[in-house]
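Asks: Chains as they are written, first to last, in numbering that gives the first Met the number 0: chain A, 0 to 497; chain B, 0 to 294; chain C, 0 to 290.
Just so you know, the hints here were simulated from the structure itself, not pulled from any lab data.
Worth double-checking, as some hints may not be accurate.
Stated by the list, open to error - Here are the simulated SDA-like cross-link-like pairs (lysine to any residue), alpha carbons at most 25 Å apart as the crow flies: (1) A:K207 x C:K37; (2) A:K382 x C:F147; (3) B:K47 x A:G134.
To be verified - Footprint (simulated), chain A over chain B, 3 or more residues, beta carbon under 8 Å: (4) 145–151; (5) 238–248.
Just so you know, even glycine gets a beta-carbon here, dropped at the ideal spot from N, CA and C.
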Amino acid sequence: MNEHDRKAYLASVTDRFVRGEMDRRSFLRTASKLGLGATALGMGFGNRPFMLNKAFAQEQLAPSPDVIAWLKDVGKPFAGTTLKLATESTPPSNAINSQLKKYFEEATGIKVEIEVLPLEQVLQKLTLDVASSLGTYDLYYIDQSWSASFSQDVFDPREQIAAKTELAMPNYNIDDFLPALVDGISKYEDRWVGVPYDIPIFIMIYRKDIYEKLGLKAPATFDELLTNSVAITKEMGPTTFGYAGQMKSGHYALECEWTSMLWGHGGSIFNADKKFVGNDEQGIKALEYYTKLREIMPPGVDGWTWDGQGQAVAQGVAASMLSWGEFFPYFDDPTQTKVSGLCEAVIPPQPIALRKPEECGYGEIPGVGHQGGSSLAVSKYSKSPDAAWLFMQWATCADTQALITALGGGTGPTRASVYDDPRVKANARVGAGTTRHLPVVRETIAKYMGSEPDLPEWAQISSDTIPVGLGKYFAGSYGSPKEAMDDIASQIETVMKG
Amino acid sequence: MAVAQVKRIAISDSPWPWLLPLTALLVVFTIYPLIYNIWLSFHEFVPKSRGLKFVGFSNWIQLWNDTRFWSALGVTFLYFIVALTIEIILGMSIALLLDAELPGFGALRAILSMTLVIPPAIAGMMFLLMQDPQFGVLPYLLDQLGILGKGTPILATSSLALAGVLVAEIWQWTPFMVLIFMAGLRALPVEPYEAASIDGASAFQMFRRLTLPMMSKVIAVAVLLRGIDLFRVFDYVFVMTSGGPGTSTYTVSLYAWQQTFSFLKWGYGATLSLTSLVIIMVMANLFIRIAKVRW
Amino acid sequence: MQQSAFARTLRTIAGWCVVGIFFFPIYFWTSVAFRDAKDIFNWPPIFVDFSPTVQNFEQVFGISLGFGPPAAVTPGGGNFYMGPRLWDSIVVASLSTVLAIVVATLAAYALSRMQFRGRHEYVNWVLSTRMMPPVAVAIPMFFIFKQFSLLDTYIGVILIHGLMNLPLAVLLLKSFFDDIPVEIDESALLDGASRWTIFRRIVLPMAKGGIAASAVLCFIFSWTEFLFVLTLTQTGLKTVPVVSSTFVTSIGTAWGNMAALGAAAIVPAFIVILLVQRHLVRGLTMGSLKQ
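In isolation and in its complexed conformation, chain A is listed as follows (with noise of 0.2 Å):
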């Protein structure tokens, strides 16, 4: 292809893309093939910037010539090496995977193997590997609920910067990491668990169109979420409902909700003498609020996890959902969804109370905006620790991490630098990928994060006994919430005692 040939097919091939004939993938792909690189996207498209911005697209394509540069220099005595990564396939990874860790691969000559797992079986992985001290995985990505678990299988980042300075990063700012997501995700203890990757994180999405032809507000605390939800599916139902949750029995999902209700109507799950206490006062309003919120819910939610609910507001189905923030920028696709552009974000609704950290247990952090963060760390069992270290560094470092939002398509960056770079502001228009929500998403993590507690014990408490027990009660095994969290209760008395 000529050079004419090639800018005419690649501005039909954008126009497409802006139009929504073709889907953020593909579009990408033939993008990279043509020599169109990541920041082109982060460009606007609408009103056709792609030739006016091309020097500055070209430039900014690939990761920064100074990272690139210092990945050569310090990467060469490990070339040849092979790191091992079993990872949840979230947005950052696969960004990783699919766009970016050749450019790691070609400047240090260490060979990246991502596995790309649903997050079950991730631990399934770790937990062999740490069990048997094999080291067979290189790094670990830890989701926040297991990091008591595997505090001691990795390495702290501080230790490994003090450790090796001449393979430090330079510019790697540590401190640049969210100082609310170090806390809440990657600290145990006072040990880091690795650094913060990702942060999947509770906001508030609505759909505006719905939300204003019924002349309603957004939801600024929980009373008004859950009268304007009524509202909604009182008026529209059973096409559209006012809200969609995440409920699946048994799965960690109906646990993450739960515990935002539970924050926001001021409970907690542990109290300070470190005993469970959702069934409190607190925690039987949650409940009883939670089980009202059910009732205007779309039938099927009682059998849907994040996936469920995400595509009920993408098919039009429920018209709000306090979820993970991740959604948003799928929503906004206009080749997935019927929502594209209908869609707002907003922060989460205000708690009735809220109480506060020293009045919880186990570092549990109250704050209705549920995080689902990870970390990134490197195996105390990895048979080359120092490539890994390098793999890391790059991996969360600012560059990367503005590259993994750009492609990886709107998700939450853990570096408050990342939220300013104009890569990533340059995406907040609708459409695929959209950044748009971001500022909502840093407010919340700045202000009204919630996170969970960490205890070794809380794998087995948060993906199986209270979503068995919340599963049973809105099942109608109950009589009545108190008894549903009573029975919770000593069944977590069991579990602890071990």
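Use these hints to put chains B and C onto chain A, whose structure you have.
Replies: For chains B and C alone, coordinates are given in the frame of chain A:
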């Protein structure tokens, strides 16, 4: 004497050289796991020290008192019995129906076997999508037929969830039964049927007096093979319900998987697996005896 | 037995209907592979009237099928590129089948032809190795595999799938050998032929159909196995059932892509079935009709 000569040769050659590869492989790869699991069931994994600690019989005592285990065992038995019964009756009916040279029946038999090549993990996802109360085709069809109310969440209703999983199970494995039974029907001798039809026996009488008794061994083998796998069912429940709602679809295999990998209770997981193994072995051996299967 | 024309018509219709019900999920799933998300999640569900797209296949197999827009897909790009995984599945299923069949044929011949004490118990023991819940086998296997560097290798997965299929293969093959008259062996023995010669020159050729039928079942069970591959592989190889869970991402399930892989994965295994269908139906009696 020729016969004596044959006998001598037959006696003199030992089967063991022939059986050696099989025996060696099975010993290495099944006896070791068995011993390992027995050993493991007296230990428990300690997350803090990353090591195994001897705990005596406490896993076995815990098992005895674990209501979750007993309910999982109940679910497993229910699943086992319902699936096996339906698969056999349905499989036999379809085999009888299709055992004829009618237009397109060869193609039908081939199409039917397609369900077998779909991995259960994917089949589970298929039915998960098809049973979604909001978007799925199954609730839609059931609603149109007036069987279930609109939007009934099959997999999220305690009384229906197991049925929802069983739909996938039965869909996938009934054709397996059809294949086996069809093979049996094809191998039946013709003469008894001719005699019976001269005597004026009805089709049903022939089925009951001739087909069933002659097919009894085939049925027995089918029950044995499928029964063993049914008792270890994992993929469908894992994918479709994760055991929910509540504990209404927890099977022993799923519970053992979860104890082992989600909660790091390796010892208890091994205890559950061993219990399951013992139950299957006892049932299988009883069955082999009662059904008089001789290999 | 002669049936009336009416009964025959009725039976034909019934046969088509019953198989139609069983085929419906496969049709629906395949049609999902040709839809975008909007057509998958519609209410009321769309049965036939969707706007077809091959994009799901293009993403999964990294090829351009040449419909509509010009090639927008590069091989090797994207997490959803599963072409090599289909190949992994074919390699594992084929070679593990060969392993199981070779070992099982030898054993089954002896079990069919030679009388020895404890034969019934021996077969029961072989069968009982299939009774252990897979999760209980997977963990010790993980350690053994690590010890012998079999983790994440073709050889390892082939080995475990071969083993998993041995009990079934032995039972099936024994039944086929049982169907071949013993007199043939006996007269050959009298002529001074060795067991090995008889096995290779006489019995094996006669049991060809049965071996094919057993091989198909081994192939299918390997093709569909999930937990062993999940536990014993990492990035080196993966088979279709395990890799299909890659489509379950943190921001929802890529149903279209998953269906595309699932639909494509039906083809190779189904071809194998068609090749030996005749033997399959004949062979599955497992000799149990012989009293």
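Asks: For each hint, tell me whether it holds in the structure or not.
Replies: Going down the list of hints, with the structure as the test:
1. A:K207 x C:K37: Status holds; Cα separation ~20 Å.
2. A:K382 x C:F147: Given pair K382 of chain A, F147 of chain C holds - Cα atoms ~17 Å apart, limit 25 Å.
3. B:K47 x A:G134: Holds, at roughly 18 Å.
4. 145–151: holds (count 3)
5. 238–248: holds (count 8)
Hint compliance for this structure: no hint is broken.
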